[in-house]
Every structure is written in C-alpha cells, then in structure tokens.
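2 protein chains.
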Amino acid sequence: MQQSHRHPFPAASGAQGGESVTSDRDPAVEQEDYRDLLSAQMQAFLELQRGQLHEVSGDAAELVDAIAQLAEGGKRLRALLSYWGWRGAGGAPLADEVVQAGVAIELFQAAALIHDDIIDRSATRRGKPSVHRRFELNHAARGWALDPVHYGQAAAILSGDMCLSFCEEVFAGIAVPNAASSAARRIFNRMRTEVMAGQYLDVLEEVAGPGRPAKQAVERAMQILRYKSAKYSTEHPLCLGGALAGADAGLTASYSAFGLPLGEAFQIRDDVLGVFGDPATTGKPAGDDLREGKRTVLVGLALNRATPAERDFLQERLGSPDLDDDDVMSLRGIIDGCGALSEAETMIARLSADAYRALDLMPVDGTVAKALRALADRAVQRSA
Amino acid sequence: MQQSHRHPFPAASGAQGGESVTSDRDPAVEQEDYRDLLSAQMQAFLELQRGQLHEVSGDAAELVDAIAQLAEGGKRLRALLSYWGWRGAGGAPLADEVVQAGVAIELFQAAALIHDDIIDRSATRRGKPSVHRRFELNHAARGWALDPVHYGQAAAILSGDMCLSFCEEVFAGIAVPNAASSAARRIFNRMRTEVMAGQYLDVLEEVAGPGRPAKQAVERAMQILRYKSAKYSTEHPLCLGGALAGADAGLTASYSAFGLPLGEAFQIRDDVLGVFGDPATTGKPAGDDLREGKRTVLVGLALNRATPAERDFLQERLGSPDLDDDDVMSLRGIIDGCGALSEAETMIARLSADAYRALDLMPVDGTVAKALRALADRAVQRSA
Numbered sequence: 001m002q003q004s005h006r007h008p009f010p011a012a013s014g015a016q017g018g019e020s021v022t023s024d025r026d027p028a029v030e031q032e033d034y035r036d037l038l039s040a041q042m043q044a045f046l047e048l049q050r051g052q053l054h055e056v057s058g059d060a061a062e063l064v065d066a067i068a069q070l071a072e073g074g075k076r077l078r079a080l081l082s083y084w085g086w087r088g089a090g091g092a093p094l095a096d097e098v099v100q101a102g103v104a105i106e107l108f109q110a111a112a113l114i115h116d117d118i119i120d121r122s123a124t125r126r127g128k129p130s131v132h133r134r135f136e137l138n139h140a141a142r143g144w145a146l147d148p149v150h151y152g153q154a155a156a157i158l159s160g161d162m163c164l165s166f167c168e169e170v171f172a173g174i175a176v177p178n179a180a181s182s183a184a185r186r187i188f189n190r191m192r193t194e195v196m197a198g199q200y201l202d203v204l205e206e207v208a209g210p211g212r213p214a215k216q217a218v219e220r221a222m223q224i225l226r227y228k229s230a231k232y233s234t235e236h237p238l239c240l241g242g243a244l245a246g247a248d249a250g251l252t253a254s255y256s257a258f259g260l261p262l263g264e265a266f267q268i269r270d271d272v273l274g275v276f277g278d279p280a281t282t283g284k285p286a287g288d289d290l291r292e293g294k295r296t297v298l299v300g301l302a303l304n305r306a307t308p309a310e311r312d313f314l315q316e317r318l319g320s321p322d323l324d325d326d327d328v329m330s331l332r333g334i335i336d337g338c339g340a341l342s343e344a345e346t347m348i349a350r351l352s353a354d355a356y357r358a359l360d361l362m363p364v365d366g367t368v369a370k371a372l373r374a375l376a377d378r379a380v381q382r383s384a
Numbered sequence: 001m002q003q004s005h006r007h008p009f010p011a012a013s014g015a016q017g018g019e020s021v022t023s024d025r026d027p028a029v030e031q032e033d034y035r036d037l038l039s040a041q042m043q044a045f046l047e048l049q050r051g052q053l054h055e056v057s058g059d060a061a062e063l064v065d066a067i068a069q070l071a072e073g074g075k076r077l078r079a080l081l082s083y084w085g086w087r088g089a090g091g092a093p094l095a096d097e098v099v100q101a102g103v104a105i106e107l108f109q110a111a112a113l114i115h116d117d118i119i120d121r122s123a124t125r126r127g128k129p130s131v132h133r134r135f136e137l138n139h140a141a142r143g144w145a146l147d148p149v150h151y152g153q154a155a156a157i158l159s160g161d162m163c164l165s166f167c168e169e170v171f172a173g174i175a176v177p178n179a180a181s182s183a184a185r186r187i188f189n190r191m192r193t194e195v196m197a198g199q200y201l202d203v204l205e206e207v208a209g210p211g212r213p214a215k216q217a218v219e220r221a222m223q224i225l226r227y228k229s230a231k232y233s234t235e236h237p238l239c240l241g242g243a244l245a246g247a248d249a250g251l252t253a254s255y256s257a258f259g260l261p262l263g264e265a266f267q268i269r270d271d272v273l274g275v276f277g278d279p280a281t282t283g284k285p286a287g288d289d290l291r292e293g294k295r296t297v298l299v300g301l302a303l304n305r306a307t308p309a310e311r312d313f314l315q316e317r318l319g320s321p322d323l324d325d326d327d328v329m330s331l332r333g334i335i336d337g338c339g340a341l342s343e344a345e346t347m348i349a350r351l352s353a354d355a356y357r358a359l360d361l362m363p364v365d366g367t368v369a370k371a372l373r374a375l376a377d378r379a380v381q382r383s384a
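Protein sequence lines correspond, in order, to chains B and V.
Residue numbering for the first sequence follows the working numbering, starting at 1 and increasing by one per position.
Residue numbering for the second sequence follows the working numbering, starting at 1 and increasing by one per position.
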C-alpha cells in the first residue's frame, strides 16, 4: 500500500499546475527527501525510546513496537502540509526543525488512531490488526489468564498515552526563536484540544443524535467534521509549519482559506469511502462506519432526503454491531438512491473549488504552490 | 475528605523533626499558601479551557467538567514535593514557575487516574463516580441510544487524552532559564514514559503473572511498583522541582536517595490499603485490588508464604469480577495469616527508615527538611 504513495505527483496533476507557475525546483523530489528524513527521524526517536524502555523491562518495549507499527506507515499528509507551510513562509529546505515538527504531528496522529480504534471497535487499520487487536491476539496466542479483550484495550490505552507523550516530547524539542515557538505552540495546543473535542462530539452524536432533530443532522455532522478532522488534517499542520518559520498574519490567513475547505472536502471524501470504499484499497472492512453508527455528513444528508420508511430503517440499523453484508448493501442503496451520495460529491467539488481558488491567491512561490496543489488533488480524489 | 489534609503538620510530626532544625519560617503556612495558589491556577487554567471548548460546542465543555471534578481534589502529594524540591534548590517562595509545575504534575496525575480507572474497571474514585462511570450514568439518565458502558469508556478515554495534553500545555508554558528548562523537561519526559510502562507491566502481570514463577513474584511486583508509582509519586516530582530551580547533581542525588525508598514505602502502604483499607476512608470498595487481580508486592509475599492449598486458592480467585465479601474476607485471612501483611509492614518500616536517613543528610535548610519530613510521615502512615 505504501508504494502507491511514493510518487505523489502523477502526470495528470503535474499537467494541471506544472506549466502555469515558474518553478526552479521539482517539489516532488524535495518532498520525497523530506519524507525520507521524516521516516529516519521517526525511527531514530522510537529506537531511542525502545532502548530506554528496555532499561525498565524488555516487556515494556512492546508498547513502542505497537506504536512503531502504526507510526511508521500512513500517507503523511499532515507532515507534508506542515513542510510546505514552513517552506511557503521562507523556511529552509529540509531543515531539522520542520522534520521534527512532522514527526510530532505524525506521532499525534498515531496516538489519535490508537485510541480511535478502541472507541470505534475497529479490528483493522491500514490492512493490519489495530493496536488493541494486536495485543488481544498476542494474549490469545500465549494462552495468558483473564480476558484477552480487556487486556488488549488496556494495553492500547497505554500505548496511545505513551504515543501522545512522545509527540509532546518531540514538539518540545524543536529549536526555533521564541516568537515562532510561541505561535506554533498555540496552534499545536489548539489542534490537540479541538481534535479531542471533535472526537467527543462524534461519540456523543452516535448516542444522542437519534433523539435530536434530523433536520440539523448535517449541521451537527459538519461541526464534528470541522473539529475532529478538517482543521486538524490540513489547516493546522499548514499553519503550524508556517508559524515555525515566522509566517505573518496575511500568509497564515491565506493558509486557512486554503486549508479549511480542503480539509472539509478531504473528510467528506473519507465519509464516502467509509460507506462505499473498497476494503482492498481502504484497509478497512466494508461499511465499517455504518456498523459503528457514525453520523457523518453523508448520513445526515440521507436522513434528510430519504423517505420516512427509509429513514426509520437507517435510524434503526445504524450502529448495529450485527450489521451483515446484506444490511450494508441496503443502507448503501438508500444513501445512493435518495441522492445523498451525489450531494456529498457536489459538496466535495464545491469545497475543493474554494480551496483551489484560495491557493491561486496564496502569496507563495511556484514550487510551494505546485506542491500544495498536488497534495490537494490527492486529498480529495483519493480512493484510500 | 479534603479537610483532613488542610493541616498536614500534626503535633506528633512536629515533635519528631521540629526541635532539631533551625527554622526561620513555618513550612505549614507556606505550604498552605502554595496549595491555595495551585488550586487557583488550576481552576483558572481549566476555566480558560472550558471557555475555548464552549466556542467549539457547549457539549464539548463536558470533557473539562469531568477533568475538573477529579483534578480539583486529591492530596497533592506530588505537587507539594515538587514545591519543596524547588525551595530546597534555592527557588523563591511561592514563585509562579513552581505553581505551574504543580498544576502540570497534578493534571498528569488526573489523566493517569482517568485511564487507570477504565483499565482497572473502578467505578469510584475519591468516593465519587470515576470519570467513565460519570459519563455512563449521564447516558443512562438522559435515555440515550446504544451502549452506555461503551459511551462511558469512549468519553473517558478522550477526557484522559485531553487532560494529558493539558498537562503538557501547562508544563511547556513554564518560563525558566534554558538549562533548567532542559533538565526539568528530561525528568518530565522520563516520568511520563516510566509511569505508562509501569502501568503496562502491571496489566501484563495480571494476565501473564499466573504462568510465571511465583518465586519471582515479589521481584516483579517491586519492579512494577518502582516504575508505575514509586519514582513517579515522590522521586521525580522532587527532582523536577529541584531541576527548575537549577539543582546541582549532588542535591539531585540526595533527593533521589530520599525519594525512591519513600515512594516504595508509599506504594506498599497503598497495596496494603487496597486489600485491608476501610472503604469509608479510602473512597474505594473493600478488596478492589483483589477483584481486579492486582499482583502487588503484598500478594507476591503471600504467594511465597502461603500453604500450597492457600496459594491455589489465591491464584484462582484473584481477578474474579464476581468476588464477594466472603471471598475478600478469606483472601484477607490468608494474606494476614501467612505473615505477608506483617512482612509488608516490615518493608514499609525499613524503606521509611532509609528515606529518613537520607533526609538527615540532605543539604537543605531547616524549613525544607521539616516540610519534607512531614510529607514523608503522611505518605507512609496514611490510612487513605
């Protein structure tokens, strides 16, 4: 799966943005160099931690192995955005400060995923067992005592906590001038608080949503999406990279104008993939979001557009752990048939257009603009 | 419960250390002033966060309410040790830097407790519902959809994550010179990693311990205790406060020589209270540790001293969620009857004596020595 991301600038995307800008550097090459540095620094950091934990006990190093399995994979969208945010604000190519920032952001993402998979009861992540499931399987394989599920959850809660501490440790070690450090810290703090708040609103909507007005379901889903994912996945990393390089208020505003609609489009794409995605490509079982009862924008649109009978069926079956393939097919049929899917695609297109318009006005050089355009293409057109 | 800690310098303790030192200041008064500042700063910080979360959504502020309920209580042992560590290294009385350090440490403790209570399935904490239970009860009271237990756990995982981020946010804001900041950061990082590793070893011992040699049960339990609790509860806060004030290597070593045995004695006292403590005083149900299957030093001693029949009974019943009051009485009878309880008390006495000896040699002024002696007395002689 990871190979498919090694060449993020396919010909189609290059043709779209390549001719109209003056570019003295190929951003694809620079971005691959950054990605390599990021992976090397991530590995070096985790190796150091593994060594320190070995001093405590060989058993404890298992926590780092679980983190490493997750943190060393992934698309690195957030880190790459922080990189181009840094470069757009005049930061030096491949500087250690922004490599460290990328490591911190990707470790935060890994921590969020570890806990998210417990909360969503997801058994797989990126085609492999999720962290709690990994510990659970290990328990079963070794024939240990008491409850394997409980052990798996407990170990994964602690892995996620450790990973969260690791992201802080890396972030706190970034050496930039005081003003830049304060500005970046404000974004980093806000980012974590907002993600956790957004995740909580998501969990709350699963249980409280059915009793709240269906008419505002899209509005509530948009609010969850904005805090849990959109700002966090695009706007904050971009602005954080910029802040580390001393971005001024105008550039930061321009990053937001591009990043927020892009993040919203990115997440609505994610919602669509969570229901209609191919398990072979997404690495997640078909209809996982439906089984978990996620009340996404896509579901909100369907609740508003479906017939009363379809709506009742949706409300009743969403979140049933025993949802089988036939149920998933029926729910997909409703969501597609009522026009919710095509409305979601329209929203993705409109938000993407907003993002690209903001990008055209962004006061950055051609290399950075080209790189951001390619990342935007990937974020909204992806299939995984 | 909190009132009982408002006067931490009882007459007996004063008589023990009061006459032999020259003290120009009453540490009890200074400590109360510090505690008040700490509480005020903690409240102010959480109020600020609550306001920011209200901007996201009124619902999200519930996460801060849950954190506040926990973080605004407690004995504050760790913060108080960091305070006297600071003062012993020449830090100014009641300085903002050490108030913030105390807030960070107490927020870390709250985060650890929130997740620990999920892991240990503890329904109560300090006599009130634990955080996951609080959310679960709220779900039931409002008649929400799906599973209240799952909702409670999910919301508590996120509350704990937020609290963990808060502790970092506060710690990162402490303004001390660079060298002091780096030294304190090293301790803060190590402290968090070790606590999480120790908690994992604790969880692992519950499931893997029954299949491992009983002869080494005490040794394994001591290792868990050292990392999960002893270093974290006493040694690290003391050294961290010292580091912030620029403590030299000699003073730091002296803090460790006092703090580590004190922390070990503190935790063995905790183990004894977890089995024999009075629920009215501890705020925890009787025999909670036995029901969870905690393989503490006390249990390790019993496994080595009990008859084969008693050992089999211990191995079989430890960790049974259905343990009733009669079982708890039987298990207590074995642990006491085989001499494990009295051996644990001997260990507490020996470790306390080591700590007091180190305190006598510590190069700090009389006020600080007196304060540390009183905290040590409380840590090892407590009943809650």
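Hints are computed from structural coordinates only; laboratory data are not their basis.
Keep in mind that the hints are not guaranteed to be accurate.
Copies of the same chain look alike in the list, so a pair counts if it works inside one copy or between any two.
To be verified - Result set (DMTMM-like, lysine to aspartate or glutamate): computed pairs, CA atoms no more than 25 Å apart in a straight line:
id : residue 1 : residue 2
1  : 128       : 325
2  : 75        : 326
3  : 75        : 324
4  : 75        : 377
5  : 128       : 96
6  : 215       : 59
7  : 215       : 55
Here the structure is a predicted model, which means the values were calculated and not measured.
The hints, checked one at a time:
1. 128 with 325: within (21 Å within a copy, 44 Å between copies)
2. 75 with 326: neither (32 Å within a copy, 56 Å between copies)
3. 75 with 324: neither (30 Å within a copy, 51 Å between copies)
4. 75 with 377: within (14 Å within a copy, 54 Å between copies)
5. 128 with 96: Neither, since 31 Å and 48 Å both go past 25 Å.
6. 215 with 59: The answer is between: 19 Å across copies meets 25 Å, while 52 Å in one copy does not.
7. 215 with 55: between (57 Å within a copy, 22 Å between copies)
When held up to the earlier numbered hints, the structure conflicts with 2, 3 and 5 and fits the remainder.
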